[in-house]
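So the protein sequences, as listed, match chains H and E.
Counting along the first sequence from 1, when you hit position 10 you're at 23 in my numbering, and nothing is skipped either side.
Counting along the second sequence from 1, when you hit position 60 you're at 114 in my numbering, and nothing is skipped either side.
Simulated from the structure, these hints should not be mistaken for lab results.
Please note that a few of the clues may not be correct.
Covered stretches of chain E (in silico footprint by chain H; criterion: 3 or more residues with CB under 8 Å from a CB of chain H, positions within the stretch not fixed) [to be verified]:
no.: 1; stretch: 75 to 84
no.: 2; stretch: 154 to 165
no.: 3; stretch: 176 to 190
In silico contact screen, one side only, chain H against chain E (beta carbon under 7 Å); selected entries [to be verified]:
no.: 4; residue: Ser22
no.: 5; residue: Gln43
no.: 6; residue: Ile102
no.: 7; residue: Tyr105
According to the in silico footprint, chain H covers these stretches of chain E (three or more CB under 8 Å from chain H) [claimed, not checked]:
no.: 8; stretch: 97 to 106
no.: 9; stretch: 198 to 208
For each residue, glycine too, the CB sits at the ideal point set by N, CA and C.
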Amino acid sequence: MEILVLSNSLHTYLVIGALLFGIGFYGLVQRQTFIGMLISAELILSGASLNFMAFNRFLAPDPTVGQVFTLFIMAIAAAECAIALSIIIAVYRNYKSIDTEDVVDLQG
Amino acid sequence: MVSLFSVEGLSGLLFFCFIGLTLAGAVIATSARSLIRSVAGLALCFLGVAGLYYYLNSPFVALMQILIYVGAVCVTIIFAVMLAGSSELKQLTQRNGLVGPLAILASGILVFALAGLALKTEWLAAPCLVNRGTVEDLGQSLLTTYSMSFELISVVLLVAVIGSLVLARQGRDK
């Protein structure tokens, strides 16, 4: 049962991180509302932090670096989420819609 | 050779549950039609990622992940959905039908390239560790080596809170 000790290999985490990134990228392209795009961006960020944590556990000489970096990514993601949501609410107040195709006033 | 009913076997099984939770949550978050469901999928995905962090010897980051992402970010998004958002059910505008398949193709290529790169590279482990990476070490490095970034991140958070209040307040009298 070699497959049961998969949690002790760097590659597992890197592949999961890549998958999270890919799924988030797909959502970012395919979603039609601002909130859906924000959710996909959060997925991309968590894929990146998973990569940091994996490298931190298996390769880094100082195992606190990756944890500190992941905590900072979390703080940045929370700030980004707050700003993006208030922009979304302001846009909704002006356009009565959160559809990305409706907010095209600057389009030539 | 690890038996399924040993400690390692059971923890490996739990690890697979966390992987499944992460990937299923991510798929739900990107493909659900209603926004509330996709926020719920996002919360599931973050729970799975917190479990993976636990397997990476960092229980503190795992708990912070649950506290910040599941407890704060997801709840904030749910509030925004309730304030602003109808679901995508009515599909206000039609777009080109090629977008979906092309997005799947592009993200598939990305995943393939990144995973191939990760699997092919010879990763070199660190020759020695300067500490064990426990919560105590984490706190010490956060308040010594990274104290400047720590203060800066608090300023960023403060500015973000004030900025979001100002942004959301504008045009409220209309």
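Here is what the structure says about each hint:
Restraint check on the stretch 75 to 84 of chain E versus chain H: 6 residues with Cβ-Cβ distances below 8 Å, three needed, restraint holds. Counting residues of the stretch 154 to 165 of chain E whose CB lies closer than 8 Å to any CB of chain H gives 9, so the stated coverage by that chain holds, three being the minimum. Check on the stretch 176 to 190 of chain E: 11 of its residues sit with their Cβ under 8 Å from a Cβ of chain H, so the three-residue criterion for coverage holds. Taking 7 Å as the C-beta contact cut-off toward chain E, the hint placing Ser22 (chain H) at the interface is violated, the least distance being around 10 Å.
Hint on Gln43 (chain H) holds. Least Cβ distance to chain E is approximately 4 Å, under the 7 Å limit. The interface hint given for Ile102 (chain H) is met, as the beta carbon of that residue sits about 5 Å from the closest beta carbon of chain E, less than 7 Å. With 7 Å as the threshold, the beta carbon of Tyr105 (chain H) comes within range of chain E, its nearest partner Cβ sitting at about 4 Å, so the hint holds. For the stretch 97 to 106 of chain E, the assignment as covered by chain H holds, since 4 residues bring a beta-carbon within under 8 Å of that chain's beta-carbons and 3 suffice.
Three residues within the 8 Å Cβ limit are the bar, and the stretch 198 to 208 of chain E against chain H gives 3, so the coverage statement holds.
When held up to the earlier numbered hints, the structure conflicts with hint 4 and nothing else.
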